[in-house]
Every structure is written in structure tokens, then in C-alpha cells.
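Chemist: Throw the hints in and build the complete structure from the sequences for me.
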Amino acid sequence: MRILTKKDVQAVYTMKDAIADDKIALAAYSKGDATVPLRTNIDVQAERGQSLYMPGYAAGTQPALGVKIVSVYPDNIDKGLPSVPATMVSLDPKTGIVSAIIDGTYLTQLRTGALQGAATDLLANPDAKVATLIGTGGQAPTQLEAMLNVRQLTCVYVSDIDHDRAAKFAQDMTERFGKQFNVDILPVNDLSKAIRASDIITSVTTSKQATFDAADVQPGTHVNGIGAYTPQMHEIPAELVQRADKVIFDTMDGVLAEAGDMITPLKEGLVTKAHYAGELGQLINGKIKGRQRHDQVTLFKAVGTAVLDVVVAEKILQAAEKQRVGTSVEL
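Residue numbers (the numbering used here): 1 to 331.
Not one of these hints is a red herring.
Only pairs whose alpha carbons sit at most 30 angstroms apart, straight line, appear in this in silico DSS-like list of lysine-lysine: (1) 193 <-> 208; (2) 273 <-> 31; (3) 168 <-> 6; (4) 179 <-> 129; (5) 179 <-> 193; (6) 31 <-> 94.
It is worth saying that the hints were derived from the structure and are not from the lab.
Modeler: What follows is the structure in C-alpha cells.
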């Protein structure tokens with residue numbers, strides 16, 4: 001069994017790797033080659049905590065099996081511990097024996113960024129140059145990194161309800177990615193102006209109301225909704241959902257069960273289910289069409305799925321074994 005820390009993962013596995021592997025995972029899911037049971041939630045009332053277990057299996061020529069364990073313990077902050085610790089346990093799909101324990105927090109950030117990167121790669125106009133990133137929380141760095149990996153962006157605007165945090169994030173990301181990708185990363189106070197100038201918009205928030213004005217979105221724009229994951233959350237404007245020429249999800253069942261910004265327009269009659277074109281995996285498999293004209297507005301909505309975790313974890317393990325990175329232990 002191999003134990004892999006965040007640094008171990010970063011040493012052997014890149015965002016480009018994750019984007020490619022997310023596409024493999026989504027294609028398997030949409031083809032019916034994945035098993036993703038409902039997550040199990042254990043309420044630990046005595047400690048004001050919850051522990052969630054998310055298993056998954058991808059079949060086919062590149063099988064992957066595992067379970068991600070994520071706990072939510074708000075009081076951990078007072079103890080100097082992570083409030084949302086996460087661990088990925090990978091199993092050998094041929095034997096069922098545990099093959100790796102991987103930092104689940106970074107794995108989640110990586111595969112979620114890559115999920116948006118896969119969608120942006122497949123749906124955004126090839127000549128996209130300007131992007132806006134809304135939200136600067138824990139998922140934001142990999143969301144930015146993914147956009148930079150799939151399009152030659154010259155400028156990325158950054159917005160957050162906390163302007164100081166947006167400025168600090170822009171500064172940190174400029175140091176990290178500015179020279180590597182030859183891109184300007186700028187905090188903005190006028191979000192409407194940034195949206196109007198953008199070819200790509202990525203919102204990664206848990207907002208219960210729209211994070212931008214649909215009227216500011218220009219023809220040809222690609223929009224990603226990555227943060228909102230409950231029926232009460234609505235980071236994408238309902239007017240944009242209605243207006244979009246193409247609306248594609250990571251998983252149809254997951255989004256229509258969890259994402260308020262897609263559930264509400266359906267319930268209120270702004271759109272019919274037929275307005276939702278299908279899954280990104282179906283696009284990858286050639287079963288549905290994506291962008292067909294330069295002036296179309298495309299929209300991708302994701303809530304995540306365990307098949308991404310197990311496939312990316314298996315690929316990380318393979319890379320680590322090949323490069324002899326990580327700590328090997330015998331149980």
C-alpha cells in the first residue's frame with residue numbers, strides 16, 4: 001500500500017493529467033461503465049460533526065475502485081485542525097485490497113478544477129482570451145489553473161464578496177501562474193464590466209443568489225457553475241439558464257437532484273427538461289453535440305461524482321508507483 005501526500009501528488013501528476021483523466025471518468029459514467037452508490041452520511045452529534053463516505057467504481061479497460069471519506073467538523077478550527085478533512089482510499093479493482101491512501105482534500109480540488117477544465121476545453125470558443133473567476137475559496141486556485149491550461153488567456157479577472165481577499169488571491173496567483181502562462185490576474189470591483197469583457201466565466205461559490213447579471217453575458221461566452229451544490233444555492237442566474245444555447249451537466253441525475261440553479265428554472269417553468277442537452281460524457285462519447293456556432297452561449301453545471309475521485313486516484317497511484325514516489329507500507 002502506498003501513502004501519498006499533497007506534495008507527493010504534485011510531484012507526479014499535473015492539471016493536464018487530471019483534465020484528461022476526468023474526461024475518461026465522465027465518458028465511462030455516461031456510457032454506463034461506472035457504479036456510483038449514494039453517499040453515506042453519519043451524523044456525529046456529540047462532536048457537532050458529520051462523516052461522509054463516497055464510494056465509486058469505474059469498469060472498462062482502465063478500472064478504478066475506491067471510496068473518499070470527507071468529514072465536516074467545524075469545531076476543529078479551535079483545535080488547530082482542518083474543519084473539512086478528506087482522505088481517498090483506493091483499492092485494487094482486481095483483488096479488492098487497499099492499494100493507496102491519498103490526500104483527499106487536494107485530490108478533490110484537483111479533480112474539480114479539472115472537471116471545469118474539461119468542460120471549458122470542450123465548450124469554450126478556441127480563441128477565448130479573457131476570463132472571470134467568481135469566488136476565491138479553497139477550490140479557486142485549481143479552477144484558475146484549469147482555465148489557464150485549456151485556453152491561452154491573456155487576462156483573468158477575479159471577484160469575491162470580500163474585495164481584500166480577491167486582491168490577495170490575485171496577487172498570490174500572479175506569483176504562481178503569471179509568468180508561467182503569460183497572463184494578467186486582476187482583482188475587480190466592477191464585476192459587470194468584467195463579465196461583459198469575458199469569453200469564459202467560472203463561478204465557484206455557495207451563493208444562494210446569482211453571483212452575476214445574466215444581461216452582462218455576451219454572445220459566444222462559455223459559463224461554468226461549479227460551486228453551488230444544494231437545492232437552496234443559485235449562483236447561476238435563472239435568466240442565463242433560460243437564455244443559454246447549450247446547457248450540459250457533469251451528471252444529469254446529480255445536478256437535477258442537488259443544484260438549485262438548475263432545479264428552480266425547471267420547477268418555475270422557465271425551461272423544460274429538454275432544454276438540458278445532456279452530460280459532458282455524452283459529448284465526449286459523441287452522443288450529443290456541443291458548441292456549434294461562435295456566438296452561442298454555453299453553460300456547464302457540475303456537482304461532482306465519485307467516479308472522478310476513483311479514476312484520478314488510480315491514475316495518481318500509477319504515476320507514483322512508476323516514479324517511486326510516496327511511502328510504501330505493509331499492513
